[in-house]
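Enquirer: Chains as they are written, first to last, in numbering that gives the first Met the number 0: chain A, 0 to 537; chain B, 0 to 81.
Since the hints were derived computationally from the structure, they do not count as laboratory data. Wrong hints could be hidden among the right ones.
[Unchecked claim] Below are the SDA-like pairs computed for lysine to any residue, each with C-alpha atoms no more than 20 Å apart in a straight line:
hint, chain 1, residue 1, chain 2, residue 2
1, A, 209, B, 61
2, A, 209, B, 68
3, A, 53, B, 34
4, A, 274, B, 70
5, A, 209, B, 25
6, A, 209, B, 29
7, A, 274, B, 55
8, A, 274, B, 71
9, A, 209, B, 63
10, A, 209, B, 70
11, A, 209, B, 55
12, A, 274, B, 68
13, A, 209, B, 32
14, A, 274, B, 25
15, A, 53, B, 43
16, A, 274, B, 63
17, A, 274, B, 35
18, A, 274, B, 34
19, A, 209, B, 43
20, A, 209, B, 33
21, A, 274, B, 21
[What the hints assert, rightly or not] Residues from chain A that keep clear of chain B, each with C-beta distances beyond 12 Å, as calculated:
hint, residue
22, 101
23, 135
24, 271
25, 287
26, 314
27, 380
28, 383
29, 388
30, 438
31, 488
All values reported here derive from a predicted model rather than from experimental measurement. All C-beta atoms in this analysis are idealised placements derived from N, C-alpha and C, irrespective of residue type, glycine included.
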Amino acid sequence: MTAPRHAPEPQRSRTVPEARRESATVPPVVDQIAGVAQVQTVRGIAEARELAPKDLEIRLQADASSRLPVLVCYSAAAVWLIVGSLFGELASLKLHWPDLLTREGWLTFGRIRTAHLNAVNYGWGSLAMIGTSLWLMPRLVHAELRRPRLAAMGAVLWNIGLLLGVGGILVGVSDGMEWLEMSRWFADPWLVVGGGMIGVALFSTVAARKAEHLYVSVWYIMSAFLWFPMLFILGNWPTWSGVESGAVNWLFAHNVLGFWLTAVSVGVAYYFIPKVLGRPIYSYQLSILGFWTFAFFYALNGMHHLVGGPLPTWMITTSVTASVLMFIPVVATAINLHMTVVGRFGALRYSPTLRFVVLGAMGYTAVSLQGSFTALREVNRITHFTHWTIAHSHVGVYGFVTFIMFGAMYYVVPRLVGHEWPSAALIRWHFGLVVAGIAIYVVALTWAGVAQGLALLDPGLPFQASVERTRYGLMGRSLGGLLMTAGHVVFAWHFWLMLRGRQPAGARPPFHEARPILYTEAAADVVATSRSHAGSAP
Amino acid sequence: MIPSSLAVILATLALGVFALSAFIVAWWRGHFRNLDAQARVIFEPRDLRFARPWETPAQRREREATYGALLPGRRGEWGGAA
Numbered sequence: 000m001t002a003p004r005h006a007p008e009p010q011r012s013r014t015v016p017e018a019r020r021e022s023a024t025v026p027p028v029v030d031q032i033a034g035v036a037q038v039q040t041v042r043g044i045a046e047a048r049e050l051a052p053k054d055l056e057i058r059l060q061a062d063a064s065s066r067l068p069v070l071v072c073y074s075a076a077a078v079w080l081i082v083g084s085l086f087g088e089l090a091s092l093k094l095h096w097p098d099l100l101t102r103e104g105w106l107t108f109g110r111i112r113t114a115h116l117n118a119v120n121y122g123w124g125s126l127a128m129i130g131t132s133l134w135l136m137p138r139l140v141h142a143e144l145r146r147p148r149l150a151a152m153g154a155v156l157w158n159i160g161l162l163l164g165v166g167g168i169l170v171g172v173s174d175g176m177e178w179l180e181m182s183r184w185f186a187d188p189w190l191v192v193g194g195g196m197i198g199v200a201l202f203s204t205v206a207a208r209k210a211e212h213l214y215v216s217v218w219y220i221m222s223a224f225l226w227f228p229m230l231f232i233l234g235n236w237p238t239w240s241g242v243e244s245g246a247v248n249w250l251f252a253h254n255v256l257g258f259w260l261t262a263v264s265v266g267v268a269y270y271f272i273p274k275v276l277g278r279p280i281y282s283y284q285l286s287i288l289g290f291w292t293f294a295f296f297y298a299l300n301g302m303h304h305l306v307g308g309p310l311p312t313w314m315i316t317t318s319v320t321a322s323v324l325m326f327i328p329v330v331a332t333a334i335n336l337h338m339t340v341v342g343r344f345g346a347l348r349y350s351p352t353l354r355f356v357v358l359g360a361m362g363y364t365a366v367s368l369q370g371s372f373t374a375l376r377e378v379n380r381i382t383h384f385t386h387w388t389i390a391h392s393h394v395g396v397y398g399f400v401t402f403i404m405f406g407a408m409y410y411v412v413p414r415l416v417g418h419e420w421p422s423a424a425l426i427r428w429h430f431g432l433v434v435a436g437i438a439i440y441v442v443a444l445t446w447a448g449v450a451q452g453l454a455l456l457d458p459g460l461p462f463q464a465s466v467e468r469t470r471y472g473l474m475g476r477s478l479g480g481l482l483m484t485a486g487h488v489v490f491a492w493h494f495w496l497m498l499r500g501r502q503p504a505g506a507r508p509p510f511h512e513a514r515p516i517l518y519t520e521a522a523a524d525v526v527a528t529s530r531s532h533a534g535s536a537p
Numbered sequence: 000m001i002p003s004s005l006a007v008i009l010a011t012l013a014l015g016v017f018a019l020s021a022f023i024v025a026w027w028r029g030h031f032r033n034l035d036a037q038a039r040v041i042f043e044p045r046d047l048r049f050a051r052p053w054e055t056p057a058q059r060r061e062r063e064a065t066y067g068a069l070l071p072g073r074r075g076e077w078g079g080a081a
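So here's chain A without its partners, still in its complex pose (with noise of 0.2 Å):
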């Protein structure tokens, strides 16, 4: 007899002088043998009967002692991702509609795009990963969260220094360098301290930790949690000038990227999709590759945005080899994630974060595939100073970070308000805009991006003919855009609902008129049929 491939022992994660205890007296060999598969199971049954209150205790304990902070976090990353998405619209509508609203100074293009990417990136995508971060890591380490009046005290600062950030980038002061425009004297010195106080609650958490084992997310989340402050001060250092100027703006954004947004995201993604489909993960050593190898590779990454460049030629060429190496992480996660879900697809269905982190999951596999070619030579002198990126970058910070958000806050905030979403119709809404809003930009951008770049590249055109190929892509962009931000108003405004304190409307859950969602009759079919099932067992 063999024990199943997804069902090993249950086990608590013990607190470290347990586990010592334990381990004095079970040889770690036992656990290898798949013959004692049938041993372990009675002890785990025995273990979870026994031992079920005291971990709910603890993860309850966990969850109470982070709802300040990620509350004021989530409360103002929903306002930034409106805030942010009317940005973005507005730069859209204007690439294909040029007298759109330019009397204003404040309302033209370059200052408006730049505020959306400030906007969405240090408010809503930042803010929702910090949130997130603060109510996973107690659960994590199986302790409370360690100073979260700190922890909310620095997510304020870190938002006054937005405000002033992107308020001086529409009143026209930039420091001029893309993903660092807030001005490094005025905007970003709040992000710093902000962000170093989160820090501190985070890194005293883990520090205090009960739990003897650090999960994958942890490593995942820690280093985020060190890398973005690192590279954030290096790319504002003010000393920079002339070629070096550029390739730390490079070295800053694409990393900010990888280090930041990626590494959150894919901690969060290893975190919800085994928790709600109730197994672990496909293969545990596979993600410890994953997140080695993408610490290892990923810092070289960034040059690739200089292919052509005044650069030297070796330094390319060895971002453009990191890039491909990229595709050992990659793999390794995508397929780590993807068996973990295989021949349970069906609870897509049920969970809207499974749904969101599922699809986020599979953003990252497309937009890091994507991102490994495009540095390749032959693809980026088409591709390069094109549409084509910005479609690239948006299947990444919005087809994989933002679904990925989403699906966490999901799980979260019911937990931390104490009552369930109370609408079905309107999560169903949020996903059907903004999946069908970044498929249609996606598709209309990578298209017109390529148009555009195959118009540069051909010497018989005038640069008005790519141009003009672009306007169809264009507007697809606006159309898409105006999709996402009306999922954004519909999530934003069933979230103020929740804190509003709105329940779910009679007794049965959000979702049962679609699916059975959430706990319905069917849940207790399926709890009769599994219990005839087994007395019939051998």
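Since the structure of chain A is already known, use the hints to place chain B on it.
Expert: Leaving out everything else, chain B in the frame of chain A:
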């Protein structure tokens, strides 16, 4: 060319050394031992015994055989309030 790229080379090296140092420390402290237990640290026993309405009869039997009698899933367990 090297002087004008020195900052980015040093920064990249620093990130690499940071990752390598973290890996060595993690190895030294035994974080790569007992990976199976690490994979299960996110679950409470209760999690694994909940009946999942999307699972096939075979998957439910496997869950029950491994983790014990199934518990009825609670409202909101799959993405809502617990």
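Enquirer: Now look at each hint and say whether the structure bears it out.
Expert: Now for the hints, and whether the structure bears them out:
1. A:209 <-> B:61: violated (31 Å)
2. A:209 <-> B:68: violated (29 Å)
3. A:53 <-> B:34: Roughly 24 Å separates the two Cα atoms, so the pair is violated.
4. A:274 <-> B:70: holds (16 Å)
5. A:209 <-> B:25: Roughly 18 Å separates the two Cα atoms, so the pair holds.
6. A:209 <-> B:29: holds (16 Å)
7. A:274 <-> B:55: holds (18 Å)
8. A:274 <-> B:71: holds (17 Å)
9. A:209 <-> B:63: The hint is violated at about 29 Å.
10. A:209 <-> B:70: violated (27 Å)
11. A:209 <-> B:55: violated (36 Å)
12. A:274 <-> B:68: At roughly 19 Å apart (the allowed maximum being 20 Å), residue 68 (chain B) and residue 274 (chain A) satisfy the hint.
13. A:209 <-> B:32: Holds, at about 18 Å.
14. A:274 <-> B:25: violated (25 Å)
15. A:53 <-> B:43: holds (10 Å)
16. A:274 <-> B:63: holds (17 Å)
17. A:274 <-> B:35: Judged against 20 Å, a Cα distance of about 15 Å means the pair holds.
18. A:274 <-> B:34: The hint holds at about 17 Å.
19. A:209 <-> B:43: holds (14 Å)
20. A:209 <-> B:33: holds (17 Å)
21. A:274 <-> B:21: With a Cα-Cα distance of about 27 Å, the restraint between residue 274 (chain A) and residue 21 (chain B) is violated, given a limit of 20 Å.
22. 101: holds (38 Å)
23. 135: violated (9 Å)
24. 271: Label violated. Min Cβ-Cβ 9 Å, cutoff 12 Å.
25. 287: Check fails; 7 Å does not lie beyond 12 Å.
26. 314: At roughly 6 Å from the nearest Cβ of chain B, residue 314 (chain A) sits no farther out than 12 Å, so the non-interface label is violated.
27. 380: Residue 380 (chain A) clear of chain B: closest Cβ-Cβ about 22 Å, beyond 12 Å.
28. 383: holds (19 Å)
29. 388: holds (20 Å)
30. 438: The assertion about residue 438 (chain A) holds, with a minimum of 23 Å to chain B.
31. 488: It holds; residue 488 (chain A) is separated from chain B by about 21 Å at its closest Cβ, greater than 12 Å.
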